[in-house]
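Colleague: Residue strings, one per chain:
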Amino acid sequence: MASYQEASHSEPAKMEQIITEFFAKGLHIILESRCPYVSSRNYSCEQVLSSPSPSSSSSSSSSFWPRDKWFNLSLRDCPAALENIDLWRQSNLEPMIIDVILVQRPVNNDQIISSSKSGHARNFSGKERVYYSSDNEEFGSDTKREKIIERWVLQYESKRSGVSSGSKRSTCYSHILFNKLILLMRSLYATVRLLPAYKLFRDLNSSAQIRRYNLGHRVSSFVEPFTRIEEADMQRFVFTPVDTSCGRLCLSVLYHSSVLDVSSEPSTPISPQVIQEYVGSPLAEPLRKFSSRPMSQMSPASAPFGRRHSWGYDLYRASSPLLNPSPSPTYSESYASVSKQRSRLPPASLPRQLSENTPAIHVKNPSFDEYWPSPTFTPSPSASPPIYIPGSHVSNVLLRSESAPVSIPISSRAGISSLPNNQMLPPSPPMKATRSSVVKTDARSGLYKTSSTADKLLSFEKDEVGRMSRVESSSNISPPKSFSRSSSRFSYQDDYDDSEFSGPFVVDDDDMTDLGTRPGSFDQPGHPSGSREKGSLFPVRKSQHAAVGTLVQMLKKAPSLHQDISVTSNLLQGSKHEMPKNSNQDPDEISSTPREQQSTSVNFASSGLVSPKTTAGALEELCEYKEMKNSMLKQGVEVPFHIA
Amino acid sequence: MNCEVCQLKELEVEHFEIREVLRCILHTILFHRALGLVRPKDVDLELFEITYVQCGDMELERKIDEKIDQFIDRVEKHPNKKNQICLSFYEVKNKHATWFTNKVERLFWEHWYINLNVMQHPKTPSGKSHHSKLVVDPGVEARGARRAALEASLRDVLFQIIKFVNEKKDHVPSIPNVEGIPFPYEITISRCT
Numbered sequence: 000m001a002s003y004q005e006a007s008h009s010e011p012a013k014m015e016q017i018i019t020e021f022f023a024k025g026l027h028i029i030l031e032s033r034c035p036y037v038s039s040r041n042y043s044c045e046q047v048l049s050s051p052s053p054s055s056s057s058s059s060s061s062s063f064w065p066r067d068k069w070f071n072l073s074l075r076d077c078p079a080a081l082e083n084i085d086l087w088r089q090s091n092l093e094p095m096i097i098d099v100i101l102v103q104r105p106v107n108n109d110q111i112i113s114s115s116k117s118g119h120a121r122n123f124s125g126k127e128r129v130y131y132s133s134d135n136e137e138f139g140s141d142t143k144r145e146k147i148i149e150r151w152v153l154q155y156e157s158k159r160s161g162v163s164s165g166s167k168r169s170t171c172y173s174h175i176l177f178n179k180l181i182l183l184m185r186s187l188y189a190t191v192r193l194l195p196a197y198k199l200f201r202d203l204n205s206s207a208q209i210r211r212y213n214l215g216h217r218v219s220s221f222v223e224p225f226t227r228i229e230e231a232d233m234q235r236f237v238f239t240p241v242d243t244s245c246g247r248l249c250l251s252v253l254y255h256s257s258v259l260d261v262s263s264e265p266s267t268p269i270s271p272q273v274i275q276e277y278v279g280s281p282l283a284e285p286l287r288k289f290s291s292r293p294m295s296q297m298s299p300a301s302a303p304f305g306r307r308h309s310w311g312y313d314l315y316r317a318s319s320p321l322l323n324p325s326p327s328p329t330y331s332e333s334y335a336s337v338s339k340q341r342s343r344l345p346p347a348s349l350p351r352q353l354s355e356n357t358p359a360i361h362v363k364n365p366s367f368d369e370y371w372p373s374p375t376f377t378p379s380p381s382a383s384p385p386i387y388i389p390g391s392h393v394s395n396v397l398l399r400s401e402s403a404p405v406s407i408p409i410s411s412r413a414g415i416s417s418l419p420n421n422q423m424l425p426p427s428p429p430m431k432a433t434r435s436s437v438v439k440t441d442a443r444s445g446l447y448k449t450s451s452t453a454d455k456l457l458s459f460e461k462d463e464v465g466r467m468s469r470v471e472s473s474s475n476i477s478p479p480k481s482f483s484r485s486s487s488r489f490s491y492q493d494d495y496d497d498s499e500f501s502g503p504f505v506v507d508d509d510d511m512t513d514l515g516t517r518p519g520s521f522d523q524p525g526h527p528s529g530s531r532e533k534g535s536l537f538p539v540r541k542s543q544h545a546a547v548g549t550l551v552q553m554l555k556k557a558p559s560l561h562q563d564i565s566v567t568s569n570l571l572q573g574s575k576h577e578m579p580k581n582s583n584q585d586p587d588e589i590s591s592t593p594r595e596q597q598s599t600s601v602n603f604a605s606s607g608l609v610s611p612k613t614t615a616g617a618l619e620e621l622c623e624y625k626e627m628k629n630s631m632l633k634q635g636v637e638v639p640f641h642i643a
Numbered sequence: 000m001n002c003e004v005c006q007l008k009e010l011e012v013e014h015f016e017i018r019e020v021l022r023c024i025l026h027t028i029l030f031h032r033a034l035g036l037v038r039p040k041d042v043d044l045e046l047f048e049i050t051y052v053q054c055g056d057m058e059l060e061r062k063i064d065e066k067i068d069q070f071i072d073r074v075e076k077h078p079n080k081k082n083q084i085c086l087s088f089y090e091v092k093n094k095h096a097t098w099f100t101n102k103v104e105r106l107f108w109e110h111w112y113i114n115l116n117v118m119q120h121p122k123t124p125s126g127k128s129h130h131s132k133l134v135v136d137p138g139v140e141a142r143g144a145r146r147a148a149l150e151a152s153l154r155d156v157l158f159q160i161i162k163f164v165n166e167k168k169d170h171v172p173s174i175p176n177v178e179g180i181p182f183p184y185e186i187t188i189s190r191c192t
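If you read the sequences in order, they're chains S and B.
0 is the number of the first residue of the first sequence in numbering that gives the first Met the number 0; add one for each residue after it.
0 is the number of the first residue of the second sequence in numbering that gives the first Met the number 0; add one for each residue after it.
Chain S with its partners taken away, still in its complex shape (with noise of 0.2 Å):
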């Protein structure tokens, strides 16, 4: 841009010129602060370059691209008003009217919104450009609502009289001339960081948020003016008008003084939505759907298992192609409690705007921490490969529900000292926990060997473990209420003694060798002395990892449900008459056929719905366990098979 100094000499030539960057002055303070994506205020290349301060923006930083520097105002150039200004630069007869539009989202609409560098012109007349940043296009063009929320208008009042050129009077006019245009782009500089619309301005440049609004402009020559009602809801401010030797310089803005409201419109940061993607899965559902259920018997503590489920389930499903997909509802509404239910938001569509103008936001991994509060909640997920055991789909839903309690911070409790708590462990740690407590409660009953990792994990007590899975494989509902009441029985945990309760998690080789061998033969859950407990059950306490790995060898050698639980079921059958009959549901899960409970306990995995269980109904077949073990113990039952 030519300098005052090399313009024309002639006294006419300089007033013209000065009129035409009175009009180019005036539409790049104003496009520079209500352009979001090309305003010199952005960091921009220059800034990278010229290391600006933190608090300038188009400061005072020095600059490898030219300045306007007309009217002692320096300035960066700002490609929106030079792309703007041409027709004015032709004839300064014409008015210079400048729309910053408003252009707002509406609630409904999800779509993202991505900044983009430079805007686009559509030509509509050749006195007219509308400029749009591209992020408008995002909005889509049906749904997005506009709205006018400021008026420029710079006027050039030419009068017919006016001072001959040449004369010494029409260079201080001149002189004049500019100095007073100083003082006008002055208070123009400082007036539109005044008006409300700067803030909206400000907002979408430095927010890290996605806002539901965007600003637009439109530079034109004509427009439709305002109604009475619209401009009625608008403030004008005039400057007051610079006289020229022929006319006079005009300027002023109406504006809306409302549109701040929009800004305070809750807009969605982006952190979240990124989580979602993560969280909000369905396809981890089978996990996330039985830890949702149970979680409400368990301790406060288990909950943030079921959230873990679908983190953990998104981590070990490569590694565990026969989760059940079955989608889970439960689960996924356990979820929209915790994070919004938004659509997946790819890290390569976060807003450009984001990526030009704040600091770099690592959205994935941070929010991802912070809509799991507990990292160390691993064992949903270490307890899916069990589940996956052929026919044990009962044990798989009981174990995914398990899992979640691995709340198991009964783990921690006594009898259990083989294992810590569980629920500060590790994913693999964890896993190996399950599965240790998988061998020990087939290590009592041959059941368990081939039963579901879910019917070990579901008491310590060998007693109860033995009970659980008879019930589990006798009923549709036993697994439930087998879960329910190995939850609550957690919670009961004081009501053994430690000695015959050395934990799940304690695992033998002989034991799991032998366990092997046998057929499902029924739990003597109730055998025990607590010498015979201690030596045989829990013989050798192991660490956690040995144990977790020797389940998993006694579930891949461990005969298919099918046999197990007709077996169950004749041993069921062979102590019902020892059940006090507490329960109702009892006598009708032990006299049912093995291909009914198979076929349930199918259904039952399949459908990937368990009842929900109350803490009483827990409670009450734990009685039931405790009573049968008592009769049998009375009777002297013979174990079918040696715990060693």
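Any given hint could be a false lead.
Label-pair distances were calculated between CB atoms; the ranges are [stated by the list, open to error]:
#	chain 1	residue 1	chain 2	residue 2	range
1	S	156	B	119	44 to 54 Å
2	B	103	S	174	25 to 35 Å
3	B	90	S	89	47 to 57 Å
4	B	65	S	152	40 to 50 Å
5	B	75	S	226	47 to 57 Å
The calculated DSS-like cross-link candidates involving lysine-lysine, where the alpha carbons are at most 27 Å apart (straight line), are [unchecked claim]:
#	chain 1	residue 1	chain 2	residue 2
6	B	8	B	62
7	S	198	B	8
8	B	92	B	66
9	B	162	B	8
10	B	162	S	158
11	B	76	B	162
12	S	146	S	198
13	B	8	S	68
14	B	62	B	76
15	B	168	B	8
16	B	167	B	76
17	B	92	B	8
18	S	68	B	62
19	S	158	B	168
20	B	167	B	8
21	B	62	B	162
22	S	158	B	167
23	S	198	B	162
24	B	168	B	92
25	B	167	S	68
26	B	66	B	76
27	S	68	B	168
In short, the hints are calculated from the structure, not lab data.
All figures in this text were calculated on a predicted structure; none of them were measured in a lab.
Backbone N, C-alpha and C define an ideal beta-carbon position, used for all residues, glycine too.
Position chain B relative to chain S; hints supplied.
Modeller: Same frame as chain S, but now just chain B:
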């Protein structure tokens, strides 16, 4: 040459708001009087949703901060009194220098009076914690309303400056071809009567 005077609207501020309010007002005035080549710098206030403009002169910024510190000291020494800051622009007229005197006459062509009423916080009664808690809650709401009112008043003051600058241009001296502020100025602190 006329000397124009602008009495800005009085603002009621709390002690911790003095610095931001004075910076905002003084820099806005000086931005409109630093008519040499400037690279404007936008500054967002921390206490209010207002962005004002500085002319980017570090020396000017330092001088303003010094004056603000003096004002704050004065307020602390003389509480419960209205204080005034006067920003004046002048031209230097050298009188005829004699052997014994070399008077330099200042011809003021513009005065800006910034009126601040610094509120003093009533001491919180020492007492039980629950009593002080009861006092705090309504105070917080009142402070929010007061802060909003102050922000609106500050915005009015800034528009007052802009309007004054626009309406009165003829008294401004010719602008030399220099950077920053071409006109000498002074900032004085006085007490309102």
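Colleague: Does each hint hold? Answer for all of them.
Modeller: Here is what the structure says about each hint:
1. 156(S) with 119(B): 44 to 54 Å: 53 Å, holds
2. 103(B) with 174(S): 25 to 35 Å: 27 Å, holds
3. 90(B) with 89(S): 47 to 57 Å: 42 Å, violated
4. 65(B) with 152(S): 40 to 50 Å: 42 Å, holds
5. 75(B) with 226(S): 47 to 57 Å: Between residue 75(B) and residue 226(S), where Cβ atoms are some 55 Å apart, the hint holds.
6. 8(B) with 62(B): 23 Å, holds
7. 198(S) with 8(B): 24 Å, holds
8. 92(B) with 66(B): Holds: residue 92(B) and residue 66(B) sit about 25 Å apart, inside 27 Å.
9. 162(B) with 8(B): 13 Å, holds
10. 162(B) with 158(S): Answer holds: residue 162(B) to residue 158(S) is near 25 Å, not above 27 Å.
11. 76(B) with 162(B): Distance of about 35 Å is beyond 27 Å: violated.
12. 146(S) with 198(S): With Cα atoms ~16 Å apart, residue 146(S) and residue 198(S) stay inside 27 Å; holds.
13. 8(B) with 68(S): Cα-Cα ~33 Å, so violated.
14. 62(B) with 76(B): At roughly 21 Å apart (the allowed maximum being 27 Å), residue 76(B) and residue 62(B) satisfy the hint.
15. 168(B) with 8(B): Since the Cα atoms of residue 168(B) and residue 8(B) sit roughly 21 Å apart, the hinted pair holds (cutoff 27 Å).
16. 167(B) with 76(B): 37 Å, violated
17. 92(B) with 8(B): 32 Å, violated
18. 68(S) with 62(B): 26 Å, holds
19. 158(S) with 168(B): The given pair, whose Cα atoms are some 22 Å apart, holds under the 27 Å limit.
20. 167(B) with 8(B): Answer holds: residue 167(B) to residue 8(B) is near 18 Å, not above 27 Å.
21. 62(B) with 162(B): The hint holds at about 26 Å.
22. 158(S) with 167(B): The given pair, whose Cα atoms are some 23 Å apart, holds under the 27 Å limit.
23. 198(S) with 162(B): 21 Å, holds
24. 168(B) with 92(B): Holds: residue 168(B) and residue 92(B) sit about 21 Å apart, inside 27 Å.
25. 167(B) with 68(S): 24 Å, holds
26. 66(B) with 76(B): Holds, at roughly 15 Å.
27. 68(S) with 168(B): 21 Å, holds
Going through the hint list in order, the structure does not satisfy hints 3, 11, 13, 16, 17.
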